[in-house]
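Q: For reference, the chains in residue letters:
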Amino acid sequence: AQKVTQAQTEISVVEKEDVTLDCVYETRDTTYYLFWYKQPPSGELVFLIRRNSFDEQNEISGRYSWNFQKSTSSFNFTITASQVVDSAVYFCALSPYNTDKLIFGTGTRLQVFP
Amino acid sequence: NAGVMQNPRHLVRRRGQEARLRCSPMKGHSHVYWYRQLPEEGLKFMVYLQKENIIDESGMPKERFSAEFPKEGPSILRIQQVVRGDSAAYFCASSPGPGTSGGAAGAGTDTQYFGPGTRLTVL
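Read top to bottom, the protein sequences are chains E and U.
If you want the working numbering, it's the position in the first sequence, counting the first as 1, plus 64.
If you want the working numbering, it's the position in the second sequence, counting the first as 1, plus 1.
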């Protein structure tokens with residue numbers, strides 16, 4: 065079965081705290097792609113990152129970083145020094161090899177308070 | 002820098018009416034995907050289209066739902082005889098196509114860029 069689990073339904077932090085959003089996936093494919101999207105209160109989906117299964121290097125982009133661990137089938141997302149503008153629902157998604165669809169987790173709602 | 006366009010942004014229909022949702026992909030993108038997001042849930046894949054072709058409709062309900070992506074013009078998701086359970090946000094995404102993002106094969110390896118969504122309310 066292909067599945068994405070985001071066990072954290074909602075997280076609340078105070079500005080400047082670091083926060084990690086968990087993502088665990090299931091697939092039997094050896095080649096696949098993982099994504100994170102942000103859905104702010106305005107409702108659109110914003111692409112954050114795409115990672116293929118052969119690249120386990122961690123990635124950092126400004127205050128955002130991603131930790132991909134094939135051994136635990138996890139692709140976690142960390143926001144450093146969170147800001148109020150980071151408040152959104154964050155979705156992790158899986159795209160198995162040679163398919164055309166994204167399989168989304170149920171999302172984690174992050175609230176950052178001033 | 003025109004991204005994926007969807008209209009209308011909000012649509013209200015009464016039970017039994019038809020709903021038509023439109024999606025114009027990003028410039029240069031020839032692949033369109035439709036997803037549905039029910040309240041408090043993640044997005045669920047519905048259908049994948051290329052120009053004039055339906056490639057994968059495995060997520061489409063068997064009845065009342067149809068999609069097209071004509072040679073000219075936007076992609077259309079049509080819902081006939083809407084029911085209250087159709088109330089949801091419908092998102093369209095587009096991608097350039099297979100192989101253009103360095104992927105080995107399959108359009109699923111491309112990054113899909115999403116539109117702002119159409120929020121359908123059925124009264």
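Check each hint, because a few of them may be wrong.
Mimicking DSS-like on lysine-lysine, the simulated pairs with C-alpha atoms at most 30 Å apart in a straight line are [stated by the list, open to error]:
no.: 1; chain 1: E; residue 1: K134; chain 2: U; residue 2: K45
no.: 2; chain 1: E; residue 1: K80; chain 2: U; residue 2: K52
no.: 3; chain 1: U; residue 1: K63; chain 2: E; residue 2: K67
no.: 4; chain 1: E; residue 1: K67; chain 2: U; residue 2: K72
no.: 5; chain 1: U; residue 1: K28; chain 2: E; residue 2: K102
no.: 6; chain 1: E; residue 1: K67; chain 2: E; residue 2: K102
no.: 7; chain 1: U; residue 1: K52; chain 2: U; residue 2: K72
These are calculated hints, taken from the structure and not from any lab test.
Q: Each hint: holds or not?
A: Quick rundown of the hints versus the structure:
1. With a C-alpha separation of about 24 Å, the suggested pair K134/E and K45/U falls inside the 30 Å cut-off, and the hint holds.
2. Annotation: proposed proximity of K80/E to K52/U is violated, straight-line Cα distance about 46 Å (limit 30 Å).
3. The straight-line distance between the Cα atoms of K63/U and K67/E is roughly 23 Å, inside the 30 Å bound, and the hint therefore holds.
4. The straight-line distance between the Cα atoms of K67/E and K72/U is roughly 34 Å, outside the 30 Å bound, and the hint therefore fails.
5. Taking the CA atoms of K28/U and K102/E, the gap is near 22 Å; set against the 30 Å cutoff, the hint holds.
6. Between K67/E and K102/E the alpha-carbon distance is near 19 Å, which keeps this suggested pair within the 30 Å criterion.
7. Proximity of K52/U to K72/U is assessed by CA-CA distance (about 6 Å); at most 30 Å being required, the pair is judged to hold.
In summary, the structure is inconsistent with hints 2 and 4 from the numbered list given earlier, while agreeing with the others.
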